[in-house]
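Chemist: Number 154 marks the last residue of the sequence shown (full-length UniProt numbering); no jumps.
Hints listed in this document are in silico derivations from the structure and should not be mistaken for laboratory results.
Treat the hints with care, as some may be off.
What the hints assert, rightly or not - Simulated DEER-style distance windows between Cβ atoms:
| no. | residue 1 | residue 2 | range |
| --- | --- | --- | --- |
| 1 | G84 | D58 | 24 to 30 Å |
| 2 | A77 | L138 | 38 to 44 Å |
| 3 | L131 | G84 | 30 to 36 Å |
| 4 | G78 | L103 | 32 to 38 Å |
From the three backbone atoms N, C-alpha and C, an ideal C-beta is built for every residue, glycine too.
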Amino acid sequence: MVHPDRDPRPADRPTEALPRPGVPRAEPAGVPYQQEEVVERRGDGRLRAVRVSCAVIDVVCWLFAVVLAINIFLVIAGANQSNGFAQLIASWSAGVSLGLRDLFTPANAGLRTLLNDGLAALLWLLIGAVLTNLITRLALPAGERRVWYRRTVR
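Sequences are here, hints too, so could you generate the full structure?
Modeler: So, in structure tokens, the structure goes:
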């Protein structure tokens, strides 16, 4: 605080408030106020598109694998196949089984489902991993890729 006798400003001149960040200053009459636009680039749009598409591929492939795993569990546990949920899962798993429904034909229905749908579920996970790896390798520069495994030489 400044003592009134030692204040270097004239007493008849009003004190001006210091400008605060984010608050526009009053401009003199006749000079229009111009706001500066500040544009921040948070990254390349391509980076976001690649990450979103890889996330969608991952979610879809994992969803298909989970549906196949639920079907394996329901068949091995002996669930009532006339139940609505069991029918829904059976029809979904038939649609995403990649044509592997009758690849292995043991006499036991549980083992048959485990082998055929289990192989299809593993293939869906492999397909998802390969697709996301290819997309990131082709569409992103080396510094922006996800690193799953890196061998170092000492």
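Chemist: May I ask you to test the hint 24 to 30 Å on the CB atoms belonging to G84 and D58?
Modeler: 29 Å Cβ-Cβ, so the 24 to 30 Å window holds.
Chemist: Holds or violated: the 38 to 44 Å window for the beta-carbon distance between A77 and L138?
Modeler: With a Cβ separation near 43 Å, A77 and L138 satisfy 38 to 44 Å, so the hint holds.
Chemist: Kindly confirm whether 30 to 36 Å is satisfied by the beta carbon distance between L131 and G84.
Modeler: holds (33 Å)
Chemist: For the range 32 to 38 Å, tell me whether the beta carbons of G78 and L103 fit it or not.
Modeler: Given about 23 Å between the Cβ atoms, the range is violated.
Violated hint: 4 only; the structure is consistent with all others.
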